Amino acid sequence: MTEAPLTEAEIVEAERELGVSFPEEYRVYLREVSAGGALFRLERTGRGWWWAGNDEGRRDLLATSFPHPDSYVGADDELMAREPQPEAFGDDAAYLEARCAWDDEADRSEELKTAGAVVIQEHGCGFSTLLALTGFLAGTVWWDGRATCDLIVPLSLDHVGGAQPVQFGQWLDYGSWALLPPGWGPSVPPSPVVHR
5 MTEAPLTEAE IVEAERELGV SFPEEYRVYL REVSAGGALF RLERTGRGWW
55 WAGNDEGRRD LLATSFPHPD SYVGADDELM AREPQPEAFG DDAAYLEARC
105 AWDDEADRSE ELKTAGAVVI QEHGCGFSTL LALTGFLAGT VWWDGRATCD
155 LIVPLSLDHV GGAQPVQFGQ WLDYGSWALL PPGWGPSVPP SPVVHR
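Last residue of the sequence shown: 200 (the numbering used here), numbering continuous.
Hints were generated in silico from the structure; no laboratory data involved.
Fair warning: there could be bad hints in the mix.
[Stated by the list, open to error] Now the in silico label distances, taken between C-beta atoms and shown as ranges:
no., residue 1, residue 2, range
1, Cys104, Thr11, 44 to 52 Å
2, Gly52, Glu115, 14 to 22 Å
3, Gly189, Glu101, 34 to 42 Å
4, Glu47, His127, 20 to 28 Å
5, Val16, Glu114, 28 to 36 Å
6, Arg51, Gln168, 32 to 40 Å
7, Arg48, Asp111, 24 to 32 Å
8, Ser25, Tyr99, 40 to 48 Å
9, Glu29, Leu83, 28 to 36 Å
10, Ala151, Ala105, 19 to 27 Å
11, His72, His127, 18 to 26 Å
12, Asp96, Gly23, 42 to 50 Å
All of these numbers come straight from a predicted model, not from anything done at the bench.
All C-beta atoms, glycine included, are put in the ideal place defined by N, C-alpha and C.
Build the full structure now, drawing on both the sequences and the hints.
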């Protein structure tokens, strides 16, 4: 691992600046293992503490509670039902105006789905692993599969028994691919993110 761990003082400074308290297992990782390593690095940037590989424009959403994906299904359905259709408008300009407004609303809705979370690993093709930092799901790890199926799903040891999301420490022992729901990729054995 090339990135040194953070000091307790640096972790406290980052938490204060970002307006969140890191889940304990993540704090231990930052302090005892690495500020990055196999994960996107938490670092000081020109704008303060932030994670490499994460959009700095999302700072305003970090302190917002990470929402369980079931909580926005109804809102997604309602938004899709209101998608402007060209035939409902008398001219192209009116349709384009309505479409742009709807696209802006849809983009904001997508941003809110990952409020309170950061990308800790990127897997290519738009797939990533998220760590929830805030709310009742703080410390849990999720798969962002919206690139192909519009879903964020829990990484879990038991998808059949209710798909309880794993905690950060469990995720370190298994890796994302071994914790995906059945049929979401090749069946792979656990592959520790880091050896502890």
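Cross-check of the supplied hints:
1. Cys104 / Thr11: 44 to 52 Å: At roughly 47 Å between Cβ atoms, Thr11 and Cys104 fall inside 44 to 52 Å, so the hint holds.
2. Gly52 / Glu115: 14 to 22 Å: 20 Å, holds
3. Gly189 / Glu101: 34 to 42 Å: For Gly189 and Glu101 the Cβ distance comes to about 41 Å; the hint holds.
4. Glu47 / His127: 20 to 28 Å: About 21 Å separates the Cβ atoms of Glu47 and His127, which means 20 to 28 Å holds.
5. Val16 / Glu114: 28 to 36 Å: 32 Å, holds
6. Arg51 / Gln168: 32 to 40 Å: About 36 Å separates the Cβ atoms of Arg51 and Gln168, which means 32 to 40 Å holds.
7. Arg48 / Asp111: 24 to 32 Å: 29 Å, holds
8. Ser25 / Tyr99: 40 to 48 Å: Holds - the Cβ-Cβ distance for Ser25 and Tyr99, about 46 Å, lies within 40 to 48 Å.
9. Glu29 / Leu83: 28 to 36 Å: Given a distance of about 35 Å, which is inside 28 to 36 Å, the answer is holds.
10. Ala151 / Ala105: 19 to 27 Å: 24 Å, holds
11. His72 / His127: 18 to 26 Å: 22 Å, holds
12. Asp96 / Gly23: 42 to 50 Å: 44 Å, holds
When each numbered hint is compared with the structure, no violation occurs for any of them.
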